[in-house]
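Undergrad: With chain E held as given, fit chain H onto it using these hints.
Each chain, written out:
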Amino acid sequence: MESGTWKVKTGLAQMLKGGVIMDVINAEQAKIAQEAGACAVMALERVPADIRAAGGVARMADPVVIEAIMKAVSIPVMAKCRIGHFVEAQVLQALGVDYIDESEVLTPADESHHVWKHDFKVPFVCGCRNLGEALRRIGEGAAMIRTKGEAGTGNVVEAVRHMRAVMDSIHELVNTSQEELMAKAKEMGAPFELVVELHKTGKLPVVNFAAGGIATPADAALMMQLGAEGVFVGSGIFKSSNPEARAKAIVQATTHFQDPKIIAEASKNLGAAMPGLDIKQIPAEELLAQRGW
Amino acid sequence: MKIGVLALQGAFAEHIATLDRLGVEAREVRLPRELNGIDGLIIPGGESTSISRLMVSFKLRDNIKSLAKNGLPVLGTCAGMILLAKQISDSDAEPIGVIDIEVKRNAFGRQQESFETELFIPALGPEPFPAVFIRAPLIEKVGNGVEILARLADGTVVAAKQKNVLVAAFHPELTNDLRFHRYFLNLVSGQSKQKDRI
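As they're listed, the protein sequences go chains E and H.
So for the first sequence, the working numbering puts the first residue at 1; every next one is plus one.
So for the second sequence, the working numbering puts the first residue at 1001; every next one is plus one.
Hints are not guaranteed to be accurate.
[Unchecked claim] In silico SDA-like cross-links for lysine to any residue, where the CA-CA straight-line distance does not exceed 20 Å:
hint	chain 1	residue 1	chain 2	residue 2
1	E	200	H	1128
2	E	186	E	202
3	E	203	H	1020
4	E	7	H	1028
5	E	71	H	1106
6	E	261	H	1028
7	E	7	H	1113
Source of the hints: derived by calculation from the structure; they are not laboratory data.
Bear in mind the structure is a predicted one, so any value in this text is a computation, not a measurement.
In isolation and in its complexed conformation, chain H is listed as follows:
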């Protein structure tokens, strides 16, 4: 199994380190040809405008879109979630749009409002998950077929999944808890088994 990590800007090294701890091969992706032969893709946290400009300049946006539409498992954290969403509420930027959610950027405020909390994520088991929110977005609306994976205590949706696309407003790559990445890798191995059957 080989996981590509979009390495245009942001915390891609942290995702690669997490994959390394799980014994999974990772590949930095900066150009379209580096998408060849990967079994899954991670779009990391960073600055969504910065990553978005670079994605367009280096022709990655449309390639990623068609791969995701064809079933490639994709995980987006924070900026990655913004880029994968169908709609960004406070911007006219055109995201990749492969998960039917509407997101709001910097939804909790500026850096002073960045926070850590424990989240209950049923899909990961009963133990609470340590979640780090940095100038984080939130999910304002979810469409049909989108599974809500986690909410804050006030009900705010902060993680979701639609078929092969998984998103989180927080940063599992900044903690030592490997369960979120493991959940994504299960999605990847499920997908490749399905492919084998076809």
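Isolated chain E (complex conformation):
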């Protein structure tokens, strides 16, 4: 019996596919998420919209919060560590979380390096804005990838930009001749072996979700139609006026992402979505997506 293998790390992400991973800050929200059909929850002290509003340094959540959430639900529990903060990652592994998100939503602890994720038994998910960034994270051991989008904004535009960038580069790479692969790897700043593998298989070696700004059932279905294999919803659920109904509706729209009639039905009577932010109004230095190297 062998645990912590690449197969079981990437395998859990495969089991999450077609599902919605919801940000929660306490046991009660976690139960609402599970009841609505979430395939996992992200245990946090504050959702991204509040992190953005509070400013200051955002860190790993209090272990008491994480443990209370782990106790409350039977679905997988994820938690975030700061970029490069391998001790926060060690602590999360010691707590027994099912997945670690090395996340740009928290204040980075290292401005040059990410965590060497191969050393952990618990799998990691990391954010990306483009294919090069995705492959760098996979090279470091990320067993799942998500777009960064722009968390806490309720605005899907950045998630769309990042998903399109990843998908376009994959298509381009598949149609590139072999002799161009090294130059491509250099240009993207991606590990050469992973570039070669992708050229052969035509897809990322790990599961790819969408995240960052998803607030409605139609947003979730949009990301799925653009090629996401599932979605993370952060502030979008518990910053809306009716979290139970919205959570359930986003789950249904993610499953039936190709069926506009069902998405229409799911979108009815949900109350107000979270208030959104125009990305252009956010000062450049406050954009979370630029964190990560």
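TA: Here is chain H on its own, set in the frame of chain E:
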């Protein structure tokens, strides 16, 4: 032969890819009408609560139950096994209940305890089967008429069959070994031959 794969949430694409390698037509099932005309059904791994909520919302649970009771061959892996069981020991959720077993969810612990191992499955021949267990359930009790297909070294039951219903706590769809799916397809062709005779 056409096999439906429940595509509400989870690793349904992996099952479809495996069927494709075996040259069998697959159909994603998200709505009751998509159950029409299939010769067998696979319920994949995923999150059992998530799949269960969606099954109820889209009226698939009772349809699948009556099809299975009428002899439609059904394979459930991991979450699929939980959903097909008669009883879930640590939950009050009502599963489909078409195989007389009691299962325990997340029986080995959290993700850190997920593991790979080689299983001896006599029905598949002498070669060991590569089995991937991810936050896996186990079978705590089996009723009369349930055939045990595989056990871990410590005796834990991890695969079983009762008439037309086949379940595994692990994920044959995550490996390159096609024997488990082939075993299920034999069940399907046996069933359709029987139907032809009637």
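Undergrad: Against which earlier hints does the structure fall short, listed by number upward?
TA: Hints 1 and 4 are the ones this structure does not satisfy, whereas the remaining hints hold.
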